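Line by line, the protein sequences give chains D and B.
Going by my numbering, the first sequence opens with residue 161, and the numbers climb by one from there.
Going by my numbering, the second sequence opens with residue 734, and the numbers climb by one from there.
Since the hints were derived computationally from the structure, they do not count as laboratory data.
Owing to the predicted nature of the structure, the values given are computational and were not obtained by experimental measurement.
All C-beta atoms in this analysis are idealised placements derived from N, C-alpha and C, irrespective of residue type, glycine included.
There's no promise every hint is true.
Cβ-Cβ distance ranges computed for the label pairs, FRET-style [claimed, not checked]:
hint	chain 1	residue 1	chain 2	residue 2	range
1	B	Glu771	D	Phe259	32 to 42 Å
2	B	Pro842	D	Glu331	11 to 21 Å
3	B	Glu843	D	Leu189	42 to 52 Å
4	D	Thr336	B	Glu771	29 to 39 Å
5	B	Gly772	D	Ala328	32 to 42 Å
6	D	Leu189	B	Lys914	23 to 33 Å
7	D	Glu331	B	Glu839	21 to 31 Å
8	B	Arg791	D	Thr245	49 to 59 Å
9	D	Asp327	B	Glu843	25 to 35 Å
10	D	Thr245	B	Glu771	51 to 61 Å
11	D	Lys238	B	Phe767	38 to 48 Å
12	B	Glu771	D	Asp327	50 to 60 Å
13	D	Glu331	B	Tyr810	24 to 34 Å
Only pairs whose alpha carbons sit at most 27 Å apart, straight line, appear in this in silico DSSO-like list of lysine-lysine [as the list claims (entries may be wrong)]:
hint	chain 1	residue 1	chain 2	residue 2
14	B	Lys876	D	Lys325
15	B	Lys775	D	Lys213
16	B	Lys830	D	Lys238
17	D	Lys335	B	Lys904
18	D	Lys325	B	Lys819
19	D	Lys325	B	Lys823
20	B	Lys859	D	Lys335
Here are the chains, one letter per residue:
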Amino acid sequence: MTTQAAVEKAKKVKFVILDIHGVLTDLTLYYTDDGKKSEVYSLHDRLGCAALKEAGIEAAFLTSKITRIDQYIGSIYKIDRLYGTSAKITQLDEIQKEFGLTDEEFCYVGDEIIDTGIMKRVGFAVAPADAAAEAKAVADYVTKTPGGRGVVRELAEFILKAQGKWDAVVERLSKTGY
Amino acid sequence: MEHEKDIQKAVERAKKVKLVAHDVHGVLTNNTFFCDVEGRRKYSFLHQDGFGHLSFKRLGIEVAFLDTTSIDNEGLYRAQELKLEKCYHKVRDKMAKLGELEREMEISPEDVCYVGCDITDINIMKRVGLAIAPADAIDEVKKVADYVTIAPGGRGSIRELCEFIFKAQGKWENWVEEVAKMGYK
Chain D
161 MTTQAAVEKA KKVKFVILDI HGVLTDLTLY YTDDGKKSEV YSLHDRLGCA
211 ALKEAGIEAA FLTSKITRID QYIGSIYKID RLYGTSAKIT QLDEIQKEFG
261 LTDEEFCYVG DEIIDTGIMK RVGFAVAPAD AAAEAKAVAD YVTKTPGGRG
311 VVRELAEFIL KAQGKWDAVV ERLSKTGY
Chain B
734 MEHEKDIQKA VERAKKVKLV AHDVHGVLTN NTFFCDVEGR RKYSFLHQDG
784 FGHLSFKRLG IEVAFLDTTS IDNEGLYRAQ ELKLEKCYHK VRDKMAKLGE
834 LEREMEISPE DVCYVGCDIT DINIMKRVGL AIAPADAIDE VKKVADYVTI
884 APGGRGSIRE LCEFIFKAQG KWENWVEEVA KMGYK
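One chain only, chain D, in its complex shape (with noise of 0.2 Å):
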């Protein structure tokens, strides 16, 4: 896939749709001595849900379960939709039904075995540097940030760019903040 093809895809998607763990994370769980469950994110990530949402673009999480962290992270990065569930592809065309797009609008970002059937679906399949190979071999484009370190950000440019909106959207937020 050359990166020319990546961009005439990224030009179409109107909708992201993110795995969490291996995407936003690095798949790392800490837990404290007393059973406390800790993940780590990237601020990086932030920016890029911010931008897409200033350009117009819909985003959702979709993992196989919602937990009480993917709700903390859903609510500071500012997305609504989270869907919990492993069978991907039906939620995909519950989405598509609901949004009334087609598979060409969608951006979907992965890294696990799982994923490969709902990327070899949608429009753009994005994995991230550090995903599996089965995952990187189906992906349309794959970001040089590593889970966990900044991959919607990542996307987000490169998505934005395609489709002639990054420069307005830093504008705005360098002005108004996130």
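Dock chain B against chain D, hints included.
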């Protein structure tokens, strides 16, 4: 990507610095945060950057935190711990805030050093006398920087900048001697 920098030019610019202003996330931190099941968040800072901050204060360079992206009050807590009064937190328009600060201190943009790491910092960096980027700043930021620190964000870029500025201003050796003898608290 590596960007070729004119170090001598950066040294000349560093001689004039009276205010060091910087972003918080991506400069004092590596831009990540921990989130636990109760929604409590944790951020990591670096001890040595505190030495940089305290050195600036002791040798008469003002320090300001200019942050837009904070979710919590982590930047404020860090500034309080270091007894830095100028912590502007969750600022929407950093450029406007910096302009205000320049008027208040009666200094010009030439007297300002700014350290930034992301797109919302680029316009400020083009305006100030000395623009600095940590090693892992985004490429567009490194491109407009006068100097890129060896340290990435959260791993000592302010400590490194402190040494860079005071060496340029000819104050470093005396300061090292003083700290070695007396400490800096």
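Consistency of the hints with the structure:
1. B/Glu771 x D/Phe259: 32 to 42 Å: Given range 32 to 42 Å: holds, Cβ gap about 33 Å.
2. B/Pro842 x D/Glu331: 11 to 21 Å: The hint (11 to 21 Å, Cβ to Cβ) holds, given that B/Pro842 and D/Glu331 are roughly 20 Å apart.
3. B/Glu843 x D/Leu189: 42 to 52 Å: Holds, at about 49 Å.
4. D/Thr336 x B/Glu771: 29 to 39 Å: holds (30 Å)
5. B/Gly772 x D/Ala328: 32 to 42 Å: Holds: the Cβ-Cβ distance is about 33 Å, inside 32 to 42 Å.
6. D/Leu189 x B/Lys914: 23 to 33 Å: Violated - the Cβ-Cβ distance for D/Leu189 and B/Lys914, about 47 Å, lies outside 23 to 33 Å.
7. D/Glu331 x B/Glu839: 21 to 31 Å: Given about 30 Å between the Cβ atoms, the range holds.
8. B/Arg791 x D/Thr245: 49 to 59 Å: Since B/Arg791 and D/Thr245 have Cβ atoms about 58 Å apart, the given range 49 to 59 Å holds.
9. D/Asp327 x B/Glu843: 25 to 35 Å: 27 Å Cβ-Cβ, so the 25 to 35 Å window holds.
10. D/Thr245 x B/Glu771: 51 to 61 Å: Given about 25 Å between the Cβ atoms, the range is violated.
11. D/Lys238 x B/Phe767: 38 to 48 Å: violated (20 Å)
12. B/Glu771 x D/Asp327: 50 to 60 Å: Since B/Glu771 and D/Asp327 have Cβ atoms about 40 Å apart, the given range 50 to 60 Å is violated.
13. D/Glu331 x B/Tyr810: 24 to 34 Å: holds (31 Å)
14. B/Lys876 x D/Lys325: Answer holds: B/Lys876 to D/Lys325 is near 21 Å, not above 27 Å.
15. B/Lys775 x D/Lys213: holds (26 Å)
16. B/Lys830 x D/Lys238: holds (26 Å)
17. D/Lys335 x B/Lys904: Given that 27 Å is the threshold and the Cα spacing comes to 37 Å, the pair is violated.
18. D/Lys325 x B/Lys819: With Cα atoms ~35 Å apart, D/Lys325 and B/Lys819 exceed 27 Å; violated.
19. D/Lys325 x B/Lys823: holds (25 Å)
20. B/Lys859 x D/Lys335: holds (15 Å)
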